[in-house]
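Visitor: The residues making up each chain are set out below.
Number of protein chains: 4
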Amino acid sequence: MIKVGIVGGTGYTGVELLRLLAQHPEVSVEAITSRSETGVKVCDMYPNLRGHCDTLTFSEPDARKLGALDAVFFATPHGVAHALAGELLTNGTRVIDLSADFRLRDADLWSEWYGQAHGAPELLGEAVYGLPEMHREKIRNARLIAVPGCYPTAVQLGFLPLLEAGLIDAQQLIADCKSGVTGAGRGAKVGSLLAEASESFKAYGASGHRHLPEIRQGLNDMQQSPVGLTFVPHLTPMIRGIHATLYSQLTTEADDLQTLFEQRYANEPFVDVMPAGSHPETRSVKGNNTCRLAVHRPAGGNTVVVLSVIDNLVKGASGQAIQNLNLMFGLDETLGLNAPALMP
Amino acid sequence: MIKVGIVGGTGYTGVELLRLLAQHPEVSVEAITSRSETGVKVCDMYPNLRGHCDTLTFSEPDARKLGALDAVFFATPHGVAHALAGELLTNGTRVIDLSADFRLRDADLWSEWYGQAHGAPELLGEAVYGLPEMHREKIRNARLIAVPGCYPTAVQLGFLPLLEAGLIDAQQLIADCKSGVTGAGRGAKVGSLLAEASESFKAYGASGHRHLPEIRQGLNDMQQSPVGLTFVPHLTPMIRGIHATLYSQLTTEADDLQTLFEQRYANEPFVDVMPAGSHPETRSVKGNNTCRLAVHRPAGGNTVVVLSVIDNLVKGASGQAIQNLNLMFGLDETLGLNAPALMP
Amino acid sequence: MIKVGIVGGTGYTGVELLRLLAQHPEVSVEAITSRSETGVKVCDMYPNLRGHCDTLTFSEPDARKLGALDAVFFATPHGVAHALAGELLTNGTRVIDLSADFRLRDADLWSEWYGQAHGAPELLGEAVYGLPEMHREKIRNARLIAVPGCYPTAVQLGFLPLLEAGLIDAQQLIADCKSGVTGAGRGAKVGSLLAEASESFKAYGASGHRHLPEIRQGLNDMQQSPVGLTFVPHLTPMIRGIHATLYSQLTTEADDLQTLFEQRYANEPFVDVMPAGSHPETRSVKGNNTCRLAVHRPAGGNTVVVLSVIDNLVKGASGQAIQNLNLMFGLDETLGLNAPALMP
Amino acid sequence: MIKVGIVGGTGYTGVELLRLLAQHPEVSVEAITSRSETGVKVCDMYPNLRGHCDTLTFSEPDARKLGALDAVFFATPHGVAHALAGELLTNGTRVIDLSADFRLRDADLWSEWYGQAHGAPELLGEAVYGLPEMHREKIRNARLIAVPGCYPTAVQLGFLPLLEAGLIDAQQLIADCKSGVTGAGRGAKVGSLLAEASESFKAYGASGHRHLPEIRQGLNDMQQSPVGLTFVPHLTPMIRGIHATLYSQLTTEADDLQTLFEQRYANEPFVDVMPAGSHPETRSVKGNNTCRLAVHRPAGGNTVVVLSVIDNLVKGASGQAIQNLNLMFGLDETLGLNAPALMP
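The listed protein sequences correspond, in order, to chains B, F, H and Z. Just so we're aligned: 301 in the numbering used here is position 284 of the first sequence, and the numbers increase by one with no gaps anywhere. Just so we're aligned: 334 in the numbering used here is position 317 of the second sequence, and the numbers increase by one with no gaps anywhere. Just so we're aligned: 53 in the numbering used here is position 36 of the third sequence, and the numbers increase by one with no gaps anywhere. Just so we're aligned: 222 in the numbering used here is position 205 of the fourth sequence, and the numbers increase by one with no gaps anywhere.
Chain B on its own, in the form it takes in the complex (with noise of 0.2 Å):
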C-alpha cells in the first residue's frame, strides 16, 4: 500500500480525493490535517465518509510526520505548498500540489497575479506541470506534480489537437467557460449562497482571471509560440461540472478535425472524443475523471467550436490528481477512477 496524507482536507477537493481514494486498492491515506478543525473526525464533517474512514481524524499539520509517508496531496489556498513541499521532498516524500503554486514555471509572473511573492522558486525547475495527456513520460518520474487547474483543463485538452496540428490562428482563441459553484470552493461566501447564486447565470474575472496565465504556459507550450488568448469564466447554478465552450479560425485548408481529434486521444483513458455532431453534457462526467470532446464547424465555415466538459473537482482536480499519483508509483494509471459518472 501506498502511504499517503492530505494537506488542507476539508474543502472540496480535499474530501473528493477521500472519496475517490475510498476505492483505490493500492493507496491508504494515513493523514489528513486542518488547522481549523484539528481533533474533528473526517465522518463527522463529511457523513457520506461514514464508514469508510472512520478512524481518521483532521490534525495539525506536522512535517516531520508527513514527511514518513510516500506522497502528500496539497488541498490548500495558494502558498501553503510553497512553505512545506521543499522539506517534504527532501525526505523522499513525493508531493502532488492541487493548488497553484507550482503551476506557472515564471516565479515572477506567479507573484504578479497571486500579489505575492513566490515562496519556492528553487523547485521551478523540477515540478512537472500533471497533465498527462502533454507530460505523460515526465509525470512518471516527477518529484514535484502540479495538477493543473480545472479551467486550464477543460480548455488545454479542447485546443491540444488543433494547436500541435497547426490548423489554427493562434493569436484569436476564446474561450468561453462556464463552471458550477464548487469552482469557488467551500468558503463561506455571499455570492456562493444558494439564494444567489441559483436560478442565475453571471460572468466574472470577465477583466482577468487567475487561470489566464496558466492556460495560456499550456497553450504555448502546444503551439511553441505564444498565443493570444480570450478567457471569460461564468457561473452556472450547479454544484459540479466545467464546460468550455472554445472558437478558434481554421488557417488551413480543413481536415477532417473528428478523426484528428479521435486520432490524437484513441490511447488516452480520461479523453472521450464523442461522434460527430455530439454536445456532450456536463453530468455525463458527474464524480468522473473523463473529459469529454466533441468538435463542430458550424456551416461548414472557418470557425472551429469544441466543447468540452469535465467534472471540476476530479478531472479538474482530485481525479487527475489520482490519476498522476497512479503514473508516478508506476500503477495503472486508471486504478480507482473507474467508477462511471452519476447520472441522472
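A portion of the hints provided could be inaccurate.
Chain copies aren't distinguished; within one or between two, either way the pair holds.
As the list claims (entries may be wrong) - DSBU-like cross-link-like pairs, simulated, lysine-lysine; straight-line CA separation at most 35 Å:
1) Lys206 <-> Lys82
2) Lys206 <-> Lys155
3) Lys58 <-> Lys20
4) Lys20 <-> Lys82
5) Lys206 <-> Lys58
Keep in mind that the hints were calculated from the coordinates and are not lab data.
With chain B fixed as given, assemble chains F, H and Z onto it according to the hints.
Guide: Structure of chains F, H and Z alone, referenced to chain B:
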C-alpha cells in the same frame, strides 16, 4: 380599455402575458384560446393567477370573436399566425406575433429554416420587427408586429452600439449564449425534465439554430452589409434568463466603449448599461423587461466582450410584446412593465 | 405619501420591502440603514432595483431622522428593535418590526429562547401580533406591530379554522414544515452554500426551534387553552417558499371541512382556500402575499391534513409587514400587494 | 460470473442498475431490453456509460434468451413482470422485480390499487419481499424477489425498531415523506419539467398513494397486527433522494431509543444510525445504498420523530436489488455497493 386576445395561451409566453397584463391599467384580456384546453379555467391551470382572471376560460380560436378585439397576441408555435393574421388585420385588429412567423423578411429563408412553405408571404411587407431600440417609429404605426426571439433580443442589443458605430470586424462575430429551460417551452420532453436538465450544462444546436438567420438579419441591418456570425446556444439549469456573451474585434483605435454604450441607450427605458467592470446577472432581470449590458476589453486589447442579460419570457417575449402594444396604442411605453425583478 | 424608513436593509426581508414598496402608490422610502454598508448605494448592492430607487443610499441608523418618519420597518436580527422602538414610538413614529423582538408576549419566555434579557418589556403590552386574519382590528389602531415569523404564519393560518371550531385534539398537533433557503437569511454560512444545500433535503432543529413558542402562543389563543405541538422544520433546495403539512385528529363527527375553511377565509384578501383535493405548490405564491391552503381527510378517516404554502419573504415577512402598514394607515389592505406570483 | 439481464432498461432504475453493476466484480450484464429503443446502443442513450458497456444494445425482450441467464431484473412499469416471471422461473432463472408486481401478498388489494387484474397470483406464494433487514434468510433462498418501493424502504426502516419493540401507538403513525423527481420516473410529463418542478415544493397523493398499502403491509408484519398510518408524499426540487419524517407516540415509559436503534441495526451493512441529535441529509447517501437514520424526542415528550434518508434509485430501487442478488447468490452482501456517496 384596450381589448386584447391571446391565441395559444397555455404555453409559458401565454401565461407570462397574463401575469404582466394583470398589472396593466389600460388593457383587458377578453379571450384566450387553446385547442387542447378548451373549457378549462385559466386559473385552474395556472394557480398563480387565482384572483386575477377568475372568469377567463380557454376557448377554441374563433376568428370572428378575435376580430372584434383591438389587438391579438399570438403565443403559438410557428405556422399558426400565418393562417390567422390576415383575416384579423382585415378586420382592423392589430396583431402582435410572438412566434417566428413574421420575423424573417425573406419567405424563402423562412421556409428553409422552418421546413415548410411560408403561409402568408403577402404580409411580410408590412410586418415590423418589434425591437423598439431599432424600430420604434415603425412600431408606432404598425398593424403587424413580429416580436423578436429571446436570443436575438439579447444578442442584437449587445452588438448594436458597436455595429452602428462601425468599430468592429463584422465578419468575426461570436455569440455564446446561455438560456434557462423555459426557452424550450412547456412541451413534455425528456430533455427538459428536472432530472435531466438540472445539475448539468450543455450546448445544443452548435451546427445551426433557427435564431441564427433572425440574428443575422438584424445585425446586417445595423452593419448595413452582411455580417459573419457564429452562434452557439447552451442550456443552463435554471427556469428563466438568457446570458449572451458576445465577442468581436475592434478595427479602429478604440473609442471609449462605456460612453458609447451609455449614450446609445441613454433614452431607452428598458436597456440598462451597467457601470464599467460590471458582470450583469440574469436574476437581476427575473420577471422584468430590462436588458442589462456591460462592456469589457480584457487587458485593454482589441477584443471586445459584451455581456447581455434578459429574462427570456419578458424582454425576450411577453414583456417586449406589451412594450410593442404600448407603442402601437400611443400609451406610455413602460405601462404595466414597471415592477422590479424578483431577487433573490 | 406615507414616509417610511427601513432599519437593517441589507438582508432579504429588507430588499424585499424595497421591491414591494417600489410598487406601492402611497409609500415613499426615505431612509434605509445598515451599519456595515453605510454609504453604499442600494442599487449597487441590489441591481434589480436599478431605476427604482437610484437615490437611496444605506446610512447609519439615526433615531432622530427615523423619528421624523411616519413609520419604520425593522428588518434586523433580534435585539435591535428593542433598543430603538421606544424612542421612535415616543416621537409618534409607528414601528413595524419584522424581527422576533415583540412576538412573544412573555418576556421571560423570550429570554429563554433567545438567550438574552428582553430589552423592552415595557412595550410588550401594546405590541400587536400582526396576523391580520386574527387581529385585524387591533392592527388598525396599533403603534407597534410584531410581524409574525414565516413558519408561524403558514402554520397558524392552516390550523386556525380547525381550532376556532373546536374540531380537533389540540394536544396532538404536528407541523411538518419545509422552507427554502432564504429563511436562513443572507449571512454567509457554509450550510447555505449552493454546493451544500442544493440537491439535498434535511430536517433541522428537530429538538426545538425558536418559532415553536411563537406558534404555540398563537395556537393557544385560537384554542383558548394550551396546545400540544410537535414542529419539525426542514430545509428544501429552493430560494423562496414555505410548505407546512399539518396533521391533527378530529374529535367530533366530522363537519364539512372544505366549507369550514372557505367560510372562515371568505373575506380574507390574502388567504386562498383551494378546491377540494388540491395540492398547493409554493411556486404559486412566489413573490406574492397569498397563503394558499388545501384540506384533506385521507381515506375519510379522522386524520386531517392541511397543506399551507406561503412565500416566506412576502406573506412570511415583508408583504405581511406592508399589509399591516396598509391597515395601520387606513389604506386599502391590498395596496402594493396585487402582483400575481411569478410562475414559472 | 453471474449472467444477468435487465428488462426495461431505459428508465432511471435501469440505468442505475447498469451504473452499479459496472462496478460489480461478479456480475456480467448480458442483455438489456427495451421495446421502444431496440437497436440503440446503451451508451448512446446514457453517455455516462461510454467506456463501461460499449457493446450493450437495447433488444426486444425475448423470454428464451432471458431464460438462459442466471437472473433477470425487471425495471419496468407494473404488469410487465407478471407476464414474464413465470416462464423465467420455470427455466431456472431467478427474478428480481423492481416494479410493484409482487410487493403485495394480496392479489385483490393489488388489483384495487393498480386498477387491473393481478397477472400472476400463483407466484405470490413464493415471492419474497426484498427488504434484507426484515427478510434476509428468506431472500437467500428465494427465486422471486419483490424489491421494495422507495418510500416503503425509507419508512419501514425508520419504524422497524419501534414497532418490533412494541413501544409506540401503532394506530397513529404518520409518515411525511419528501422525494426528488426521479421518483416520478423518466417519462415526459409536464409536471416533471425543470421549469415546473424546480423552485417549488408540493404534496401529492395526499388522499392515497400506491405505496400506502405496501408500507402498511410491512408495518403490519412488524407490529403483528394492523397499523393505522397516514402517509403524505411530497415532491422536492432535486434529482435524487428521499427524506421520511416519521411521527409516533410512545405508549410506555421511554427506553433509550438511541440505543434501541443502534442495537437493532448493529450488524446491518446498509443502515447507519447517526449520533443522537443528528439530522441526516439526503446528499449523504447520493448514489449510495445506505439508509441513514436519526431518532429524536422533541422536548423529551412522548412524540418520537425518526428521520430517515435514502437514495430512491439506490437503496430505494437498484442498489437494494443488487443487495438482494448478492444474498441470493451467496456473495458478500455489499459487493459492488461500496462506493461512498457523491458529496457535494
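Visitor: At most 35 Å between CA atoms: does that hold for Lys206 and Lys155 within a copy, between copies, both, or neither?
Guide: neither (38 Å within a copy, 42 Å between copies)
Visitor: State whether the alpha carbon distance between Lys206 and Lys58 is at most 35 Å within one copy, between copies, both, or neither.
Guide: both (25 Å within a copy, 21 Å between copies)
Visitor: State whether the alpha carbon distance between Lys58 and Lys20 is at most 35 Å within one copy, between copies, both, or neither.
Guide: within (19 Å within a copy, 41 Å between copies)
Visitor: Under a CA distance limit of 35 Å, which applies to Lys20 and Lys82: within one copy, between copies, both, or neither?
Guide: within (11 Å within a copy, 48 Å between copies)
Visitor: Which holds for Lys206 with Lys82 at a C-alpha limit of 35 Å: within a copy, between copies, both or neither?
Guide: Both. Shortest intra-copy (33 Å) and inter-copy (33 Å) distances satisfy the 35 Å Cα cut-off.
Going through the hint list in order, the structure does not satisfy hint 2, though it satisfies all others.
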